[in-house]
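**Q** One-letter residues, chain by chain:
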Amino acid sequence: MQIRFVLAALRKHRLATFLIALQISLACAVLCNACFLIVQQVHAMRIDSGVDEARLGTVKLSGFDPKSANDFNARVVDALRHVDGVQSVSVISGVPFGEPGVRAGIGLDPDYKQFGGVIDFYLGDDHAAHDFGLHLISGRMPSPDDYMPVTKFVPSNAPVLITRTLAEHLWPGQNPLGKQFWGLDTQFRVIGVLDHLSVSQPGGSEAKDPDWSVFVPAIAGPNLAGKYLIRAQPNDMPRVMREAREAALKAAPDAVLDTDQSHSLSRLRHSYFESARVMVKLLAGVVVALLGTTALGIVGLASFWVTQRRKQIGTRRALGATRGDILRYFQIENFIIVSFGILLGMLLAYGLSLELMRSYEVPRLPFGYMPIGAAALWILGQLAVLVPALRASAITPVEAIRTL
Amino acid sequence: MFAYYVKVALHNTQRNKVLAALMVLAIAVGIGASMTTLTVMHLLSGDPLPGRSQHIYYPQIDVNPQSKGREPLDMLDYRTAMDLWSSDKADQQALVANSMVKVRTPYSTRPALMLPMVSTTSDFFSMFDVPFRYGQAWSKSDDASRTRVAVISSRLNDKLFGGRNSVGKTLRLADSDVRIIGVLDAWRPSPLFYKVRGGRFTDGDTSAFYKKTDDVFMPFAASLEVNAGNFQAFTCWSAPDPNEDLRNAPCVWVALWARLNSAAKVNAYRSYLQNYADQQKAAGRIKYADDIRLRSLMQWLDFNRVVPSNVKLQTALAFSFLLICLTNVVGLLLAKFLRHSGEIGLRRALGATRTAVFFQCLIESAIIGLLGGLGGLLLTLFGLYLVRLQPVAYADLAHMDVSMFLVTFALALATSLLAGALPALRASLTPTALQLKLL
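These protein sequence lines are chains A and B, in that order. Start counting the first sequence at 1; every next residue gets the next number (UniProt numbering). Start counting the second sequence at 1; every next residue gets the next number (UniProt numbering).
If you're looking for bench data, these hints aren't it; they were derived computationally from the structure. In this text, all values refer to a predicted model and were calculated from it rather than measured experimentally. We put the beta carbon where it would ideally sit given N, CA and C, even for glycine. Among these hints, one or two may not hold up.
[Claimed, not checked] Part of the chain A face toward chain B, derived, beta carbon under 8 angstroms:
1. 7
2. 8
3. 9
4. 291
5. 297
6. 359
7. 363
8. 367
[What the hints assert, rightly or not] Some chain B residues near chain A, calculated using beta-carbon distances under 8 angstroms:
9. 16
10. 49
11. 102
12. 114
13. 202
14. 204
15. 208
16. 310
17. 323
18. 377
19. 381
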């Protein structure tokens, strides 16, 4: 019944109605996409690295003579093992959230006819697989004779532990155990499958999935030196890392400690996602500012309309309309305008999403975000119109008659 | 008449302070957000060598013998780079390779530092117009005779020598003594163009291109001896032996920059590159001779998409926000002008033309725009301050310059006039008689 009045009134205020609807549609477009980007970033930050981050730290030294690497490794590992609270020390080639270590393209045949993608290789000595806390889901962990010296960048013909995701990508639907792949001028044989092991720079490398990495057992030597993994109790970590850095420098006074990389893994992870966190805060700020501006716009225009229609409202009240009728009138009016805005907004949201896909390499906006954005704007509209609408419903019939 | 309009506009603005404040706030926030991101974008997408960049070129040849004929690799292998460089076909040219070098001084016991070093040739400094504070660059003969000299950044000079003239002093690089012959003045090209490469593999996270200048510069050949074993390949087409010299490795790791002063020279150089590639193909060393590129500096930066996609996204978001603020202000102005319909009707009845009413309303919007612009400027300065606090490589660059200062006000004024035009038009169309009757 009221809807007819509302539509008739809106037809008289086409310009203002169109403006509010336009503002809501823009807000809807940005809101849906911003929320989607926030969820994307948060999802990326939540990545499971597959290693025991809270108990791990790493120390990186450089500037030593590779010819004396064996002696160097022995000195540093010994010094680190003697730091109070250190449970285990291993020599590795890299850690998740650290500098890129060994990274190369692989093929499913010796001639690389079937390209498998660019993946990360984590090399580690006989303590590393255990220290990392790798979670094996099938196959076996490396046995003592699987550890071989590094010839080029990796040991030749090495057995490897592969992640479930990478195995599924390389050999869909097949049992990966015993399968082979080629890379770095040698071949690899799968002996075990890991639940997770993230690449060193998730989201920032050529790997199509953050889980595209393998663990390669290796023996420390000239081509595997300078990076050490330390395992300790989580609550002890800050102190252990501080002392470990000093101990490493003391054991190798002529080497240079990489102060950016020598930290606990939790800290490396924290700084790795620093810019993503800034982006999330920024996007959240945009969303809040956006909703605030839109709400203010609605309040402003609704208040204006209430003032303008005082006489009409008074007349309606005098003719028997209840306060509830007046309140509902403005609520229905707001609902109709917001609905128009949302309709247009969905198209805009989709357009904006296509534009973002082109320039920002994000996936397409899932349709699920549209109803959420729509619901948010409906609620916002109803809340914003409530104050002016209540004021309108408080207009007494007398007021109308007095000013007539 | 104008002064009178301004007076009336100021009076009207004061009549409804809350509404006016809301509009000023909306414009200020919109402008602040847009200008902060636009300033960052402007700084990051600028020309690192203004006045020179159009003559600087980056030659590429598809040196990969297993190439699939797609885009050539981002750098050159040692042999190709040396062949091109020694042919001396350009007006000026410089080889560039990068490595980390261990730096100590015999004068102090401070622990060794690992610092980024540029291995280059003498033309680098004059070609890129690098400013010197003390001393000078090395000469062509130093390149040939592999003289162990170095140019250091002013930052390193401050750190090691307290900013004093360190020319003639000795630096221990890796395990060799090297004499300092020059100290750079402040030099901060944005982006650090001579290290830009591989941008298309970064997934949009290109903030590393805006790092500060390297600390040590050494003659190319001499540095290969001094820092042997510490050079890293950009990429390899088959696995190199890590213990072997990178000069013979199947890897690309050397960049060549050339200065070509005229279009004729550019064409001549391009045909030279083509000839060279044809010869190498005939010799069986490369596979695709036609796969060559000769991009200018700015083309190379565009190709690498140097502006981080985060910054682009933030700018897009900020401008969408400004658009929403704009529609908001249009709505509020409309409400404001229509509320004054009575007076407008009276003025029309007393002889004011529609144009006069229109301009008077427009001046009212312009005043709100200017106030919003002022607020927006303050918010922009605050926004840039927040950017400087971020842990990104380009944080220290985020400052307002004169052009951006002017753009702020232009944008504020344009926004408010745009916002004011429609409501002003609507107000000027107010029917006179009806409004008078209602007064």
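**Q** Just pull the numbers of the violated hints for me, sorted ascending.
**A** 1, 2, 3, 4, 7, 8, 9, 10, 15, 18 and 19
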